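S.K.: Sequence:
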Amino acid sequence: MNGYQAPPLTRVNKIVLITMVALFVVQSFGVKVAGFSLQGYLGLIPSEFLGVRFYTLFTYPWLESELMSLLFNGLGLYFLGSELERSWGEKVYIKFLGTSVVLAGLLFVVLDLLVLGSTKMGGGILVGSAGLTYALCVAYAVLFPERQFLMMFAFPVKAMWF
110 MNGYQAPPLT RVNKIVLITM VALFVVQSFG VKVAGFSLQG YLGLIPSEFL
160 GVRFYTLFTY PWLESELMSL LFNGLGLYFL GSELERSWGE KVYIKFLGTS
210 VVLAGLLFVV LDLLVLGSTK MGGGILVGSA GLTYALCVAY AVLFPERQFL
260 MMFAFPVKAM WF
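Residues in the sequence shown are numbered consecutively from 110, following our numbering.
In short, the hints are calculated from the structure, not lab data. Just so we're clear, the structure is a prediction, and the values are computed from it rather than from any experiment. Cβ atoms here follow ideal geometry from the backbone N, Cα and C, with glycine treated the same way. Among the hints, a few may not be true.
Cross-link-like lysine to aspartate or glutamate pairs, in silico, DMTMM-like; alpha carbons within 25 Å at most [what the hints assert, rightly or not]: (1) K123 <-> E199; (2) K267 <-> E255; (3) K267 <-> E175; (4) K204 <-> E192; (5) K141 <-> E199; (6) K123 <-> E175; (7) K141 <-> E175.
Simulated restraints on C-beta separations [what the hints assert, rightly or not]: (8) P254 <-> V140: 16 to 26 Å; (9) A263 <-> G149: 16 to 26 Å; (10) F253 <-> V142: 43 to 53 Å; (11) A143 <-> L215: 27 to 37 Å.
Starting from the given sequences, assemble the full structure and let the hints guide the process.
M.R.: Structure (structure tokens):
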């Protein structure tokens with residue numbers, strides 16, 4: 110062991126994680142009990158994005174569709190995001206989260222409308238915070254390139270390569 114200690118959970122990340130877990134529970138029970146899905150209301154659908162559903166550009170990362178994606182994106186937010194929030198401060202970190210979410214959503218919309226729209230792969234709903242997690246990985250690697258992670262809990266890898 111190298112004595113690594115997990116960072117304390119910061120205020121912004123705590124709010125984001127609690128919101129994600131709460132919406133996951135509502136979504137899971139809604140689908141099982143009432144046949145009601147939040148994905149149709151909060152998910153980013155490119156064909157409906159330019160109309161009334163512009164708000165989905167900001168709501169899609171709050172809703173995870175699977176437990177494993179909630180777990181891994183939540184862990185990424187906790188480990189990487191807490192460190193970044195402590196380094197940058199709350200205001201800069203919130204701006205980074207917002208910018209990352211909007212850019213990931215816009216990239217999805219552009220790719221779907223211009224490239225995938227005419228194929229069988231187009232027309233999907235985007236939910237989940239994977240784009241945000243990738244942005245956190247890049248920011249962490251830029252700020253702390255020499256720090257090491259245990260890839261698959263066994264192989265040490267520097268952050269710049271992770």
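S.K.: Looking back at the numbered hints, which does the structure fail to meet, lowest number first?
M.R.: The structure breaks hints 3, 5, 8, 9; every other hint is satisfied.
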